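Protein chains: 2
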Amino acid sequence: MTMQQEIDDPRLLAWAYLSKVVQGPCAPLTELIEKVGPQEAARAVRERDLSEYLGERTVARAHVDSAVEDLRALSEMGGRLVTPDDDEWPRWRMLAFDGLGHSRADGPPLALWVVGSRSLGELTERSISVVGTRAASGYGEHVTAEIAGDLALDGWTIVSGAAFGIDGAAHRAALGVGGLTIAVLACGVDRAYPAGHARLLRQISQNGLVVSEYPPGTTPAKHRFLARNRLVAALSDGVVVVEAGWRSGARNTATWGRRMSRPVMAVPGPVTSASSAGCNRMIREGEARLVARAVDVVEEAGPIGLADTEDDTVARDTDSLDGNALLVHEALPTRGFRSVPEVSVESGVPIAIVRSMLAQLELDGFAVPCQDGWMRSR
Amino acid sequence: MTMQQEIDDPRLLAWAYLSKVVQGPCAPLTELIEKVGPQEAARAVRERDLSEYLGERTVARAHVDSAVEDLRALSEMGGRLVTPDDDEWPRWRMLAFDGLGHSRADGPPLALWVVGSRSLGELTERSISVVGTRAASGYGEHVTAEIAGDLALDGWTIVSGAAFGIDGAAHRAALGVGGLTIAVLACGVDRAYPAGHARLLRQISQNGLVVSEYPPGTTPAKHRFLARNRLVAALSDGVVVVEAGWRSGARNTATWGRRMSRPVMAVPGPVTSASSAGCNRMIREGEARLVARAVDVVEEAGPIGLADTEDDTVARDTDSLDGNALLVHEALPTRGFRSVPEVSVESGVPIAIVRSMLAQLELDGFAVPCQDGWMRSR
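Chains as they are written, first to last, in this note's numbering: chain A, 1 to 378; chain B, 1 to 378.
Don't take each hint at face value.
Stated by the list, open to error - Calculated Cβ distances over 10 Å to all of chain B for the following chain A residues:
1. 37
2. 66
3. 139
4. 143
5. 197
6. 225
7. 268
8. 277
9. 292
10. 322
11. 336
12. 338
13. 346
14. 369
15. 376
Unchecked claim - Computed footprint of chain A on chain B; a stretch qualifies when at least three of its residues, placed anywhere within it, have a C-beta under 8 Å from a C-beta of chain A:
16. 230-238
17. 280-291
Hints in this document: simulated from the structure, not taken from any laboratory.
Bear in mind that the values here come from a model prediction, so they are computed numbers and not experimental data.
Positions of the beta carbon are idealized from the N, C-alpha and C atoms, including for glycine.
Please work from the sequences and hints to get the whole structure.
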């Protein structure tokens, strides 16, 4: 599924050039591109044929054109530049920005530098941001694992910022259940930040996506973290803060979520714990709704999946399954597929029985055959 | 201050008789008494000269008249029967019942059997209920001690139900800071229930009040706990639930509080703790507002005291005090008084300096002399 983009595509080179020039959101440039296309916009930037605001906003780096090198660096990592030209551009997610103002920080991303083979559009169709403090407690990490893991199992993509603490726990929980996750970075996707998460970021890019609106080589900076937080909120159906201080990046993400009309949720914690002070206060002040578990999140964020289920148990139609049918169904992945021998190994059910169970599961609407194997029906 | 009531007062005997006959709220009887007085109402009950409803409601015990014995038992404990005839009847608290229906459980108490020398009216002027599960966690007991202790220090009476767990911790916290507390029982005030709290109840009656709407000898029963919960809510400016299950007595108290337009508050806790499940869910469902500390409670329950103060610090006029003046002021009790030598011992400030500091504190409006010593000005 990797799209090895042509580095001599002049349109793509224009996007890459412009992304490097503005390094972050720039609503007037986005508008200009919508009007005249990326190549004409790039010409206007190069030749300083711009409105006063855009002139000022682009002057510092208009002369820098490393588009070929940036795209090559990305390509060598197996990445691609996703732009509004692409089918996988998460177009409807970008509607979130329509309600915002046009300040320097408020615009949609011009384009997104992406590593990972999945489609950005598909992965952000049903997604939840799970964010929080770097100084997570054992409680916070535990609850993050529970909630993010259950959401990922239910087919929600977990979006977070790859930071230490809650962010990392959220990504790991999704990976741990074979779910999907997106890391949105405040630096180039070629940078492992934090360095201690280099391996985690590699795993995320293999099973999900690592995304940035900054070209390769960009270093993390305070304003980029704030802009990144707005992307985390934009790319999801709701923001869950698990543990956070009152003045925290996670609360900033929550604020973006509220501005974008995303449901904002927080997990309560002991009033004696500094790590929970921000969450408790957000709940108290009405900035966030209290959530204790994945079903609470789904209740806020969307009517699909867990939402209609009962209290403590995740009751699905599959409750009717038992014995080998259940084992085989459980062995089918929510995303992707498994071959019959793989299902057999995973479920511990002999291949011949797996085949007959799969046939029955297909009839009952629980399993779907695909080219190379079987998947769960959604 | 103990009011040794006359056991041959026919009006009081009528109240005691009627209280024993109905054992709990009976709005139609309260109305009848308001109309014709307790003696005529007692005659009507004795002679079965009643409406159909009141006839049924009183028939089981109309022939039982242990008023003299009950009042004597109470008197021997240093108690008294407080009725709407008395100045200390918490008249405005009873307005809470005006908004409720007239079902069997909804009425105001007919009269209250009280042990303790304080005035019931005064003690319920500024009061907060702090309630919760018997199966309290260490966290719950700790937070109860913090919140109830701070509220009591600030002059709020802590009202609770004397049960094990959160209730007991709330009473103890108030006693521990030399504050005021009221235990409302679901049995006669002569009964120590739970037995393990016999000593605590004695301490409460010495420093606060033990109150019941049931005559001496009444045993605890399920419906009396529910009726007791309504009294706890009625006698306070707000209900704080520290830890509770979803179906719990504490949540019942909170429900009464809401019906009586009292602010209802809950302390959040770990989503992994069963003891906090009810509180977290009450907050989530909008049944209670999240509170983390005493100032949050005061913000909900009343504009006096801590409410206008800043975040973490209790800023009062006394912030202007320092050195010996502060030590001496801190050594003055909020209720009651201390002699100059006692203040000296408590503050560690020599007697001569205590005297001059007290004079200055009096001039500045921080201390008030009384017959046997000094107290803080309110």
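Here's how the hints hold up against the structure:
1. 37: 49 Å, holds
2. 66: 48 Å, holds
3. 139: 6 Å, violated
4. 143: Given that some Cβ of chain B is not farther than 10 Å from that of residue 143/A, nearest at about 6 Å, it is violated.
5. 197: Given a closest Cβ separation of 26 Å, the condition holds.
6. 225: 26 Å, holds
7. 268: 3 Å, violated
8. 277: Incorrect as stated: the minimum Cβ-Cβ distance to chain B is 8 Å, not above 10 Å.
9. 292: 4 Å, violated
10. 322: Nearest chain B Cβ is 30 Å from residue 322/A, so the label holds.
11. 336: 31 Å, holds
12. 338: 33 Å, holds
13. 346: 30 Å, holds
14. 369: 40 Å, holds
15. 376: Its Cβ never comes within 10 Å of chain B, the nearest being 28 Å, so this holds.
16. 230-238: violated (count 0)
17. 280-291: holds (count 7)
Checked against the numbered hints given earlier, this structure breaks hints 3, 4, 7, 8, 9, 16; the rest are met.
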